[in-house]
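Chains as they are written, first to last, in the UniProt record's numbering: chain A, 1 to 352; chain B, 1 to 289.
If you're looking for bench data, these hints aren't it; they were derived computationally from the structure.
Note that the Cβ used here is the ideal one computed from N, Cα and C, for glycine as well.
Do not rely on the hints blindly, as some may be mistaken.
[Claimed, not checked] Here are the in silico distance ranges between beta carbons for each label pair:
#1 B:H89 - A:V179: 22 to 32 Å
#2 A:E275 - B:L59: 22 to 32 Å
#3 A:G153 - B:G32: 51 to 61 Å
#4 A:G272 - B:Q171: 40 to 50 Å
#5 A:Y276 - B:G32: 39 to 49 Å
#6 B:R83 - A:L105: 29 to 39 Å
#7 A:G272 - B:K161: 24 to 34 Å
#8 A:V28 - B:L72: 24 to 34 Å
#9 A:V179 - B:A152: 17 to 27 Å
#10 B:T116 - A:L105: 33 to 43 Å
[Claimed, not checked] Now the stretches of chain B that chain A is said to cover, found in silico as 3 or more residues with beta-carbon under 8 Å:
#11 83–89
#12 98–106
#13 134–144
#14 255–265
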Amino acid sequence: MLQVLPKKLLWAIGAIALVAAVLLPNLVEPYTVRVAALILVFTVFATGLNIILGFTGLLSFGHAAVFGVGAYVSARLLLDTGMPLLLVMVAATVGAGVVGLLVGLTSWRAGGDYLALVTLGVGQIFYLFLINEKDLTGGATGLPGIPAGNFFGWDLAPLENTYLFILAVTVVVMGFAWVLGRSYFGRAMLAVREDEIIARAHGINVPLTKVLSFGIGSAIAGLAGVLQVLLLGFVGPATFKVDQSILVVEIVLIGGMATTIGPLLGSILVIGSTEYLRALADYRSAVFGVLMLVILLWRPGGLAQIFGLSSRTPNAVRLPFIGRIGRRKGAPAATPAADEIEDEHEKEEVSR
Amino acid sequence: MELLQQIINGLTIGSTYALVAIGFSVVYGALGLVNFAHGDILMAGAFSTYGLYTLGVPLPLACLGGIVVGSLLAVAVEEVAVRPVLTQHLLIPMMTTLGAGLIIRNIVERIWGNGTLPFPSFTGGGYVHIGDLQISKSAVVTLVVAFVAMFAFLAFLKFTKAGFAIRAVAQDMTAARLMGVPVNRTIAVVYLTGGAMGVVGGLLYANTLEVVYLGMGFAVLLKGFAAAIVGGIGNLQGAMIGGLVIGVLESTVGPATGSYRDAVAFVLLIAILLVRPTGLLGARIQERV
């Protein structure tokens, strides 16, 4: 498609888009800023799922649950304690990550399609929990009036500050996802997705890779939950239903699995069209259903592939810490030569 | 007596779960694919029956019409969303069927709206008394129809040529093709019969609750999933037993858990998967279907 565009031009377009995103509150009316912030929240949320679904190839239908864990933990902390926002974010992210690890542990025994059903069940149980534990979660009415807090003296109450904060977090998360995708661990996740047996034969610890990717993906979704609380100042169970889990699967699929830019493109299309094309509202799920079918049948790489933004075999970058995770004990020491050979093998696998 | 009463109520609702689970399991057993459109297909079938009934068609005929609509939808899903991606990573057909389900649900919503509509009971009101037990007539109908449908389906698989073809495809698709089994047609039959079983389950569920609503497909499908897994996914007798176990547990243990009644099925599902990943009858997974 647009692959004819030189790479430098793409980088320039990206840089211009980033500058435009930073200047957005000065350019457009508050409603658009609010929609943009919502798109970014869903970008982070979908980035979390993308690690599980896109990279490791595990289907999570309960991702709204970990999103909800992050949102409710941060809401409770912001309401009840005067904790600094950074600590609240850490607590919510870690909380969601731990829940994700626990759910991910079931992947140890239950294979791919079973796991989809387990996560579906976990999502349902979490929703029942939100409705029923009124003292903790506010029940069906949720928790209103959550203070925005401030980030090291930066007051997040005005919308444009909230937006800029969300933008900053989104950029950090996307950067993290980019690095993760190019690390040894990212390659390991792709290898597990393509063929578990071959991955194991290459010295990848398959169960650990699965569980860790579940934990990381859930932690990122929890962070998205905090951002949503900051944006809306409110949490209620309606935004953590199964519908939401399916919506985020749609975003990842439509945007492009296993790409950094995919979740952003998917969010822009799915959330943006929801907000701006009200006329579409009645036919929304049919339109996205058709779009899902079309993309899966003809363009499995989603929008990222259509725009020519995804490279099939991205160059690996060597990282001091992440490079070690998932490597089996007793595997050859990370001499450059051995690693390159391994990478070559993985490349072959992934492209197969 | 109270307990026995609860068990019978549980068997009634459980038999509808079992039918849905069988429809889901036959597809999984034959192809190893999860059909996420199953719930929406059975919901569309139940709504079609409702629609035909409100147009003045007699109820039995309307039910038949609903089953036909559901079966055709299931074949359409197979042709559009499953056939082209049959050989790909199992994740892909899962998500294409999910997309197909979204489309079906949207169409039903456009036609009948998203409200809860009254569904005519097959028998009207009334109870049958056996000793102290009080069983509603519609529960009797549900139990009888469910068991007849289940055993008819098992007999279909065992004794007919098409059923034999399904079992052959389930065992080894390539070998079946080499032996002259029309594989593509057989897969269509798998989806057709699976959809029909789902709609029968959905109709009995609607008959038990006396309503149809847009979310019912998903609600029943979740229980059907749980039933299929508890019994050993792909195993039809297992799906039957799983459905009945979940129904009975819901109505005996359920009241004690208060508002967490719907969680019973999922807790059981997760527990079974962790302890016995192949389900209660999992040892027989090799000869599924």
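Hint check results:
1. B:H89 - A:V179: 22 to 32 Å: holds, 26 Å
2. A:E275 - B:L59: 22 to 32 Å: Between A:E275 and B:L59, where Cβ atoms are some 44 Å apart, the hint is violated.
3. A:G153 - B:G32: 51 to 61 Å: Because 57 Å falls inside the window, the suggested range holds.
4. A:G272 - B:Q171: 40 to 50 Å: holds, 48 Å
5. A:Y276 - B:G32: 39 to 49 Å: Given about 41 Å between the Cβ atoms, the range holds.
6. B:R83 - A:L105: 29 to 39 Å: Given range 29 to 39 Å: holds, Cβ gap about 36 Å.
7. A:G272 - B:K161: 24 to 34 Å: violated, 53 Å
8. A:V28 - B:L72: 24 to 34 Å: violated, 48 Å
9. A:V179 - B:A152: 17 to 27 Å: violated, 58 Å
10. B:T116 - A:L105: 33 to 43 Å: Given about 38 Å between the Cβ atoms, the range holds.
11. 83–89: Three-residue rule met by the region 83–89 of chain B, so holds; n is 3.
12. 98–106: This one holds; 8 residues, not fewer than the three required, reach chain A with a Cβ under 8 Å.
13. 134–144: With 0 residues close enough to chain A, the hint is violated.
14. 255–265: Coverage by chain A holds here, the residue count being 6 at a Cβ distance below 8 Å.
Of the numbered hints stated above, those contradicted by the structure are hints 2, 7, 8, 9 and 13, listed in ascending order.
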